[in-house]
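S.K.: Chains as they are written, first to last, in our numbering: chain A, 455 to 732; chain B, 455 to 732.
Please note that a few of the clues may not be correct.
In this list, chains with the same sequence are indistinguishable; a pair is considered to hold if it fits within one copy or across any two.
Stated by the list, open to error - Computed cross-link-like contacts, DSS-like style, restricted to lysine-lysine with a CA-CA straight-line distance of at most 25 Å:
{"#": "1", "residue 1": "Lys481", "residue 2": "Lys609"}
{"#": "2", "residue 1": "Lys731", "residue 2": "Lys663"}
{"#": "3", "residue 1": "Lys520", "residue 2": "Lys640"}
{"#": "4", "residue 1": "Lys663", "residue 2": "Lys487"}
{"#": "5", "residue 1": "Lys609", "residue 2": "Lys651"}
{"#": "6", "residue 1": "Lys699", "residue 2": "Lys486"}
Calculated from the structure, these hints are not laboratory results.
Residue strings, one per chain:
Protein chains: 2
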Amino acid sequence: MSEHRTGAPGRVKEVTSLANPLVKDIKALALKKFRDQQNAFMAEGLKLVIDALDLGWTIKTLIFAKSALGNQAVEKVAARTVALGGDVLEVSEKVLTAITRRDNPQAVVGVFTQRFVPLKDIRPHSNDVWVALDRVRDPGNLGTVIRTVDAVGAKGVILVGETTDPFSLETVRATMGSIFAVPVAKTTPEGFLAWRKDFPGTVAGTHLKGAVDYRSVDFGNRPVLLMMGNEQQGLPDNLANGCDKLLRIPQAGRADSLNLAVATGVMLFEIRRNALKL
Amino acid sequence: MSEHRTGAPGRVKEVTSLANPLVKDIKALALKKFRDQQNAFMAEGLKLVIDALDLGWTIKTLIFAKSALGNQAVEKVAARTVALGGDVLEVSEKVLTAITRRDNPQAVVGVFTQRFVPLKDIRPHSNDVWVALDRVRDPGNLGTVIRTVDAVGAKGVILVGETTDPFSLETVRATMGSIFAVPVAKTTPEGFLAWRKDFPGTVAGTHLKGAVDYRSVDFGNRPVLLMMGNEQQGLPDNLANGCDKLLRIPQAGRADSLNLAVATGVMLFEIRRNALKL
Ligand SMILES: [Co+2]
Ligand SMILES: [Co+2]
Numbered sequence: 455m456s457e458h459r460t461g462a463p464g465r466v467k468e469v470t471s472l473a474n475p476l477v478k479d480i481k482a483l484a485l486k487k488f489r490d491q492q493n494a495f496m497a498e499g500l501k502l503v504i505d506a507l508d509l510g511w512t513i514k515t516l517i518f519a520k521s522a523l524g525n526q527a528v529e530k531v532a533a534r535t536v537a538l539g540g541d542v543l544e545v546s547e548k549v550l551t552a553i554t555r556r557d558n559p560q561a562v563v564g565v566f567t568q569r570f571v572p573l574k575d576i577r578p579h580s581n582d583v584w585v586a587l588d589r590v591r592d593p594g595n596l597g598t599v600i601r602t603v604d605a606v607g608a609k610g611v612i613l614v615g616e617t618t619d620p621f622s623l624e625t626v627r628a629t630m631g632s633i634f635a636v637p638v639a640k641t642t643p644e645g646f647l648a649w650r651k652d653f654p655g656t657v658a659g660t661h662l663k664g665a666v667d668y669r670s671v672d673f674g675n676r677p678v679l680l681m682m683g684n685e686q687q688g689l690p691d692n693l694a695n696g697c698d699k700l701l702r703i704p705q706a707g708r709a710d711s712l713n714l715a716v717a718t719g720v721m722l723f724e725i726r727r728n729a730l731k732l
Numbered sequence: 455m456s457e458h459r460t461g462a463p464g465r466v467k468e469v470t471s472l473a474n475p476l477v478k479d480i481k482a483l484a485l486k487k488f489r490d491q492q493n494a495f496m497a498e499g500l501k502l503v504i505d506a507l508d509l510g511w512t513i514k515t516l517i518f519a520k521s522a523l524g525n526q527a528v529e530k531v532a533a534r535t536v537a538l539g540g541d542v543l544e545v546s547e548k549v550l551t552a553i554t555r556r557d558n559p560q561a562v563v564g565v566f567t568q569r570f571v572p573l574k575d576i577r578p579h580s581n582d583v584w585v586a587l588d589r590v591r592d593p594g595n596l597g598t599v600i601r602t603v604d605a606v607g608a609k610g611v612i613l614v615g616e617t618t619d620p621f622s623l624e625t626v627r628a629t630m631g632s633i634f635a636v637p638v639a640k641t642t643p644e645g646f647l648a649w650r651k652d653f654p655g656t657v658a659g660t661h662l663k664g665a666v667d668y669r670s671v672d673f674g675n676r677p678v679l680l681m682m683g684n685e686q687q688g689l690p691d692n693l694a695n696g697c698d699k700l701l702r703i704p705q706a707g708r709a710d711s712l713n714l715a716v717a718t719g720v721m722l723f724e725i726r727r728n729a730l731k732l
């Protein structure tokens, strides 16, 4: 979908057939293979699309429901998309349902170019907080962590090892728009450990065997990297050994662990405790 | 499935057909209508089933994969189920996949009788913490809250208004077994407000307009009821007015709210801050 767009003005098309090749390309974004091939992903909702454009993300295609015709905000976004060289598709409810794989879909969907931050470009300073996630598996957990990182004013997320895709529809949904505000990097465990050597602050892992109460640490006014292990297995030894401290969240009851997104949220609100005020 | 079991010893059956009526009954548990008709729900995993039996839950049917034949722990649970008057089904992988609607299903699944705590039986004392959820919609959120309630040693969850079903497969999965350890009550907003009049401690709502920093409250050594609003709309006026305090979690960045389960987790760890030690 890109070769005939570079430098050329965007187009507006009316599409009602699921067999339309543009629609097929967009439907295919449900699968990681095709997201990677197209280097693209989908985000639902007018507000999200406007936020994404405001934050400088590249829109490839704007899709909207016929029912949104005449809505001024939608028409403004359509004009903006065309001006930026993107395609605009006016589609039937049936097409929107097929693309988003949900009943009662939002009236506006944007297809954007994926964006990862190169790890080497991440240079934490002052009291920046970053989160590293080891092999995170669940799209809802990843999306929720990205949303929480945004909410606490942390700087971004580093995905370590084989993880779920931050640009899947389910992850993007769970971020509630924060996918556009929170930088995401990805790397191997080796790449992470090499980069971590120059980290100018505290690398704090959360670990069931951690000896340090997560509320007892003074991180000073220096950067913090919070490292969270995989949902099933926690941190492997090589990553745990790469931490300056292994922290633990005390628990009662019979549950032997918290949900990953909840544990990350509890840790982040503690690390940012002095930075966040009403 | 119950009339021929009361008082009679359980049976062991080998089943490979999806058309088998026992299998059809269990498959139907994916839908709330049939869960309610059968007053039953499904939980996956050997460890969960053992925990449930240890905690006194009533097992209707134990289902296990042929591949688990000869596994001592599984055979022990099967014998226990029979002794309790439940049915035992030895099934093919195909049947397990159909029942659980997932590839690579767990080898053991239990069907249990649903159990709600009557609201009138909840009589908080000392420093008990309860969570009330207003119209919670997302099964993952509800399951994760139940799991977190267990992890922090809070006492239980009260569902207010039309909520997602705590006994859906997705909710039960997200609880990671805590569904068996955490009492759940359900009521209407009116029923809740009537019950709440006698609450012998602080009813604290989390509200975007809350004027009180969630970290600034001393709940003393009295019960706390944490009240969390619906994912989209937050607390409605009648429930907000029923709170002694409206608390807010300070946030940075552009996200205008936290995920419900994360917000509940952050609140619960704050309320239980002095009670939880490493
Ligand atoms: Co194109
Ligand atoms: Co029966």
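S.K.: Within, between, both or neither: how does the pair Lys663, Lys487 come out at a Cα-Cα threshold of 25 Å?
M.R.: Answer is neither: 37 Å inside a copy and 43 Å across each miss the 25 Å cutoff.
S.K.: How do Lys481 and Lys609 come out at 25 Å by Cα distance, when the copy is not named: within, between, both, or neither?
M.R.: Close neither inside one copy (32 Å) nor across copies (45 Å); limit 25 Å.
S.K.: Is it within, between, both, or neither for Lys699 and Lys486, if the alpha carbons may be no more than 25 Å apart?
M.R.: Result: close neither inside a copy nor across copies, 35 Å intra and 46 Å inter.
S.K.: Treating 25 Å as the Cα threshold, decide for Lys520 and Lys640: within, between, both or neither.
M.R.: Intra 38 Å, inter 41 Å, cutoff 25 Å: neither.
S.K.: Within, between, both or neither: how does the pair Lys731, Lys663 come out at a Cα-Cα threshold of 25 Å?
M.R.: between (32 Å within a copy, 14 Å between copies)
S.K.: State whether the alpha carbon distance between Lys609 and Lys651 is at most 25 Å within one copy, between copies, both, or neither.
M.R.: within (19 Å within a copy, 44 Å between copies)
When each numbered hint is compared with the structure, violations occur for hints 1, 3, 4 and 6.
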